[in-house]
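Listed in order, the protein sequences are those of chains C and A. Here the first sequence is numbered in the working numbering, starting from 2 and rising by one per residue. Here the second sequence is numbered in the working numbering, starting from 97 and rising by one per residue.
Just so you know, these hints were derived from the structure itself, not from any lab. Treat the hints with care, as some may be off.
What the hints assert, rightly or not - Computed list of lysine-lysine pairs in DSS-like fashion (alpha-carbon distance at most 25 Å, straight line):
hint, chain 1, residue 1, chain 2, residue 2
1, C, K271, A, K602
2, A, K641, C, K271
3, A, K691, C, K271
4, C, K228, A, K691
5, A, K691, C, K195
6, A, K643, C, K271
7, C, K407, A, K691
8, C, K195, C, K135
9, A, K318, A, K340
10, C, K446, A, K183
11, C, K407, A, K653
12, A, K602, C, K314
13, A, K318, A, K341
14, C, K228, A, K643
15, A, K641, C, K228
16, A, K181, C, K444
17, C, K187, C, K144
18, A, K703, C, K195
19, C, K228, A, K645
20, C, K271, A, K694
21, A, K703, C, K271
22, C, K195, A, K641
23, A, K751, A, K722
24, A, K183, C, K442
25, A, K602, C, K313
26, A, K181, C, K446
27, A, K653, C, K228
28, C, K271, A, K645
29, A, K302, A, K316
30, C, K442, A, K181
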Amino acid sequence: AVPQKKDPFPGQAPIPVERVKKFVRGDVDKVDALSAWIGQYTLLMVESAWLDTDIWFDILFSLLQYFNLNLSQFGPYRLDYSRAGRHLLLGGRRGHVSCIEWQSKALISEINVMEAVNDVKWLHNEAMFAVAQKKWLYVYDSKGVELHCIRKFNDVLRMEFLPYHFLLATASSSGFLQYLDVSVGKEVTAIGTKMGRLGVMTQNPHNAVIHLGHPNGTVSLWSPNQKEALVKMLCHRGAVRSLTVDKTGMYMVTSGLDRKLKVYDLRAFKPLQSYFLPAGAACLSLSQRGLLCASMGDVVQVYRDVWGTSVKKPYMAHRVRGAVAGLAFCPFEDVLGVGHAEGFTSMIVPGAGEANFDGMALNPYASLRQRQEWEVKTLLEKVQPDLIGLDPSMLGTVDRATWQQKHQERVQALGFDPLAHEKFKPRRRKKGRSSSGAVEKRKRKVAHEDQRVKKDKYYFH
Amino acid sequence: MVHTLVNFHIFPLSHRKKLTERSEASTQVSEFSVNAEGEGEKVKLSDLLGKMEKTPKNLNKTKKQLKDLEKKSDTLELPLSRQEKEKIQREVAYVKTSTEVSRWESVVTQNRNAEQLVFPLIQEPSGPKRIEQVVSGWKAQTPLEQEIFSLLHCNLQPTHDPVLTPVEEASLKAMSLEEAKIRRAELQKARALQSYYEAKAKRERKIKSKKYHKVQSKAKRKEFLKKFEDLCKTDPQAALEEFKKMELLRMEERMSLKHQNSGKWAKSKVIMGKYDLVARKAMQEQLEMNKDLTQKLVVPSEDEEQEQEEPKALPDFVNDPEPVGDPANPWMRGQLSAEALGPEVSHEVEQEEEEEPENEEEALLREFEQKRRLRQSEDKGFEPVVSEEQEVDEAENREAEEELSEKGEKDDEDGLAEFKNLFNRLVEPVILETGEEQGDEGLEEGLVRIHSLDDTELLANDHEASLVEPVPSDTSNMEASACPPSKNSKKVKVIDPSEVLTKQAKVIKVPHAPMMVEDEEVRNEQTTIIKEAFAGDDVVSDFLKDKRKLEEDSMPKVVDLTLPGWGEWGGVGLKPSRFKRRKFRIKPAPLPPRKDQKLPAVIISEKRNAALAAHQVCQLPFPFTKPEQFERTICSPVGNTWNTHNVMRKLTAPKVVTQMGAIIEPIAKDDFIKDKNPSKPQPNLQLTKDSSLAKTAPPGHKRRKK
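Start from the sequences, fold in the hints, and give me the full structure.
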């Protein structure tokens with residue numbers, strides 16, 4: 002038996018007190034204040050019986066949708082709403098990550114990852130989310146338990162989740178665009194874009210193509226199937242600061258350092274509208290109904306119908322407490338979430354959300370059982386990453402490439418030509434039987450076989 | 097001789113035959129005591145046959161053949177080499193098998209085209225089977241059974257073959273779909289024919305023309321007379337009866353006061369007769385007829401004739417429709433009736449007008465008549481086939497010539513009508529050209545029609561101002577578009593960013609000016625980015641350079657295959673000749689234009705998505721002939737979310753349906769080649785469940801399910 006050494010420092014290494022202090026969460030009784038606030042309103046409602054209760058409920062609910070979270074310690078917040086719009090994920094720059102069921106204001110979990118957080122993203126449902134931290138990409142469950150640390154994905158700056166393909170696309174500071182298949186946990190592709198730091202990213206919900214914005218004013222479109230950009234568009238004369246694509250995949254809105262806001266038609270790759278904003282937009286987001294919000298410093302502006310007629314002034318404007326770092330419209334609600342340096346603001350934007358949801362696809366009011374079934378169904382209907390392309394209906398078309406082209410591809414894939422036929426080489430015989438005449442004779446004997454083989458190969462494969 | 101030889105060989109020593117003794121001198125003496133009988137004759141091939149064959153007929157034939165063979169002097173051809181022989185055999189075999197196989201083609205294509213195949217295709221009729229079918233070769237044995245069978249026999253109940261009673265058979269037949277269909281079709285046809293006949297009869301009955309009816313009745317009468325004569329010859333008794341009947345009819349006619357001058361019409365004629373010659377004549381005619389009728393005559397045939405005269409009381413042309421050239425053109429109608437008709441006719445028209453208020457029904461009928469005439473005349477214009485009615489008219493004309501020669505006027509009138517018709521037809525195109533200008537101008541004020549160059553000039557005068565205006569604007573546009581973009585010049589390109597980034601920006605007023613200063617970190621980041629971005633301020637030119645480079649790379653390269661020094665002197669400072677360089681330089685076909693050809697600020701990758709191609713259909717499946725067809729089909733959703741239940745079921749129906757437990761025999765040749773052996777009973781088509789299936793699938797074929 003080997004004598005066991007005793008660990009002089011058992012357990013985890015202690016974290017220095019000063020560092021812990023740095024990451025301690027601020028006001029704890031914020032939620033209490035919130036509930037008190039709600040109580041106040043309900044009291045009001047009960048008192049004024051002369052008003053129709055339905056209207057009061059409406060007013061109350063919309064009032065409840067507007068709230069501020071004062072989180073000044075952990076710096077500018079990135080945010081993400083779940084696809085059904087029930088859950089909100091907040092990621093503070095300085096490590097604070099929290100999941101909130103925002104409509105009931107219930108805090109599901111709250112952790113501090115003790116590292117810089119670049120971006121947060123829900124995965125296919127509310128059970129898991131991905132956090133792009135200082136070095137690696139992490140996956141946590143909704144309770145805040147770390148599930149995975151994915152070392153293949155480093156220095157991730159921005160993330161996008163493609164729900165129908167179960168792909169998590171990440172853009173890193175080293176210029177790599179990587180795809181992680183969430184359903185099997187494998188990297189699908191890693192594309193070196195050679196375009197420098199990838200700090201601006203969005204997805205086209207129509208065809209699952211990833212749009213990246215670059216410092217040289219170009220926007221590039223990517224699919225996991227191609228190592229080069231599908232399309233490169235020169236959009237701005239300065240760097241691209243932010244971009245977003247609408248739900249139908251027809252319009253793209255970009256903003257650049259040249260302080261311009263541009264609307265592009267993605268079917269023709271042509272600019273539709275170009276606006277000049279005095280300060281330039283740092284963050285952009287499009288709602289389900291096509292409202293555009295743009296942030297300039299601490300001001301959030303909402304525009305209506307940016308691609309139809311040229312807009313003169315914003316539909317709404319709102320000043321938040323700090324510089325805006327993240328913007329997102331809540332699906333199926335008239336709510337815009339703003340993550341900024343001083344916390345989070347949920348503001349009401351009338352007409353932003355889609356009122357008519359498809360209960361079979363995304364149901365905000367789904368029961369637990371329905372959610373479970375939905376997960377299985379969507380997994381069964383998962384779309385292969387091979388099918389991502391500019392035109393999603395390409396799968397239904399006939400491949401008209403010629404036989405030669407296909408053969409070439411096959412050769413490239415296999416590394417050799419499967420149809421290549423080796424020419425018959427007569428064996429060297431001794432005692433003068435390998436005279437040129439004899440050799441020719443032997444060759445001629447099998448010549449017809451050669452021909453037949455060739456024919457077979459070329460016609461029946 | 098052969099015999100001996102054989103013997104000699106077979107029995108060498110022990111059983112040697114007795115040597116024949118030589119009895120006479122001979123020149124040739126065999127050493128081995130072999131006889132030289134028949135010496136000097138040559139042995140022929142046919143001789144060898146003699147002993148082998150027994151049937152003399154064949155023998156002779158063969159002998160002759162052999163003789164012929166011997167006579168032939170030229171050498172036989174060499175037999176074909178093995179390869180050639182095999183080649184020929186292969187060819188023959190190929191033809192044979194290909195014909196054999198091609199017989200199956202129609203069946204195979206039919207099966208492949210079928211939407212659904214149900215196996216086995218020959219299906220038992222549904223429903224309960226009779227006991228006789230199930231138990232074949234069963235005999236009544238017990239007395240009870242025998243009694244039952246005797247009872248069945250009594251009631252015409254067939255026991256074995258055919259198994260159905262006549263009543264049952266009839267009912268089955270009544271139930272069969274095919275029969276029902278045929279019966280329904282027959283009924284439909286009969287009904288249609290009946291309705292046609294009825295319509296025809298109705299039309300004929302409604303015909304107002306007295307002439308027509310006269311001719312009809314005359315024809316009838318003639319026929320009747322003919323029959324009567326025949327009857328006289330064959331059956332005098334019956335003829336007598338007929339004659340009596342006729343007599344009775346005449347008597348009745350005489351009794352009635354039909355042809356007195358007491359009718360409405362006759363009264364009117366009396367009044368008119370003072371002024372009108374025609375009316376007078378008509379009156380006279382009627383009086384004459386009356387006379388004839390009241391006279392007692394012995395000859396019955398004459399009576400009949402007079403009886404026939406009766407409906408002709410009214411002059412026919414009174415009822416003749418007004419011939420109209422173009423019913424749609426009231427202008428023309430009025431004109432013609434006024435000008436072309438003579439005074440007499442105009443008079444008649446007046447007469448008509450007088451009559452009209454009397455009987456409106458008649459007027460209606462006349463209108464119909466007019467229409468009929470019109471149609472007739474149109475028919476004449478298009479095809480020379482003479483219609484029935486026309487024939488009638490012609491016959492009538494002939495009769496009129498024969499009998500009523502005194503009625504010249506009427507004939508004239510007829511001729512006139514014809515002339516009018518003709519004239520109308522001639523005039524029609526002229527009307528189209530000129531008449532419209534005159535008449536329609538007043539009517540159609542809104543539209544100005546240009547018929548000639550002069551008219552266009554007029555038009556131009558009218559709208560001078562409006563026409564002149566757009567011209568200069570057009571030209572200016574042309575100039576603007578014509579001035580070519582200076583981009584084409586190949587030398588140093590001056591990039592105008594506004595050309596690439598074309599959209600002009602609009603300034604938006606912002607209510608809240610940004611107050612907060614962004615984080616220092618962020619700002620630092622941004623400054624670096626700005627530095628990057630504005631390094632040379634030629635973002636645009638960089639992009640364009642990239643694009644040009646990509647374009648150049650994707651261009652197919654020219655391959656130079658010239659070998660310096662080949663066929664001419666080579667070495668340092670020597671170039672292959674221009675001719676050679678041109679000849680051995682292979683220019684590849686130009687690529688199709690790039691997708692981003694007209695988008696200066698966009699680079700679209702031309703690479704094919706090979707990953708997707710693996711999932712795509714690369715060969716059209718069988719029934720499709722064009723990719724578009726297939727694409728449209730595959731794009732239409734199948735599920736019940738997008739389709740009605742029935743459509744969805746039809747779309748998702750299985751291609752092959754098999755019955756559980758049924759034996760599916762492989763397809764047999766006899767089943768689908770019918771003409772070869774028509775004696776074979778055809779499988780009953782009606783018995784298959786699905787009638788559509790019966791149509792698509794060949795009658796009696798089975799196929800093994802894969």
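Consistency of the hints with the structure:
1. C:K271 x A:K602: Holds. K271 (chain C) to K602 (chain A) sits at ~17 Å (cutoff 25 Å).
2. A:K641 x C:K271: holds (20 Å)
3. A:K691 x C:K271: holds (13 Å)
4. C:K228 x A:K691: holds (19 Å)
5. A:K691 x C:K195: holds (23 Å)
6. A:K643 x C:K271: holds (17 Å)
7. C:K407 x A:K691: holds (22 Å)
8. C:K195 x C:K135: holds (21 Å)
9. A:K318 x A:K340: holds (18 Å)
10. C:K446 x A:K183: holds (17 Å)
11. C:K407 x A:K653: OK: K407 (chain C) and K653 (chain A) at ~21 Å, within 25 Å.
12. A:K602 x C:K314: holds (11 Å)
13. A:K318 x A:K341: holds (17 Å)
14. C:K228 x A:K643: Roughly 17 Å separates the two Cα atoms, so the pair holds.
15. A:K641 x C:K228: OK: K641 (chain A) and K228 (chain C) at ~21 Å, within 25 Å.
16. A:K181 x C:K444: holds (24 Å)
17. C:K187 x C:K144: Holds - the C-alpha atoms of K144 (chain C) and K187 (chain C) are around 23 Å apart, at most 25 Å.
18. A:K703 x C:K195: Satisfied, since the Cα-Cα distance of roughly 18 Å is no more than 25 Å.
19. C:K228 x A:K645: Within the cut-off at roughly 18 Å; holds.
20. C:K271 x A:K694: Holds: K271 (chain C) and K694 (chain A) sit about 10 Å apart, inside 25 Å.
21. A:K703 x C:K271: Distance ~21 Å between K703 (chain A) and K271 (chain C) Cα, so the pair holds.
22. C:K195 x A:K641: Cα-Cα ~17 Å, so holds.
23. A:K751 x A:K722: The given pair, whose Cα atoms are some 22 Å apart, holds under the 25 Å limit.
24. A:K183 x C:K442: OK: K183 (chain A) and K442 (chain C) at ~21 Å, within 25 Å.
25. A:K602 x C:K313: holds (8 Å)
26. A:K181 x C:K446: holds (19 Å)
27. A:K653 x C:K228: holds (24 Å)
28. C:K271 x A:K645: With Cα atoms ~22 Å apart, K271 (chain C) and K645 (chain A) stay inside 25 Å; holds.
29. A:K302 x A:K316: Holds: K302 (chain A) and K316 (chain A) sit about 18 Å apart, inside 25 Å.
30. C:K442 x A:K181: Distance ~22 Å between K442 (chain C) and K181 (chain A) Cα, so the pair holds.
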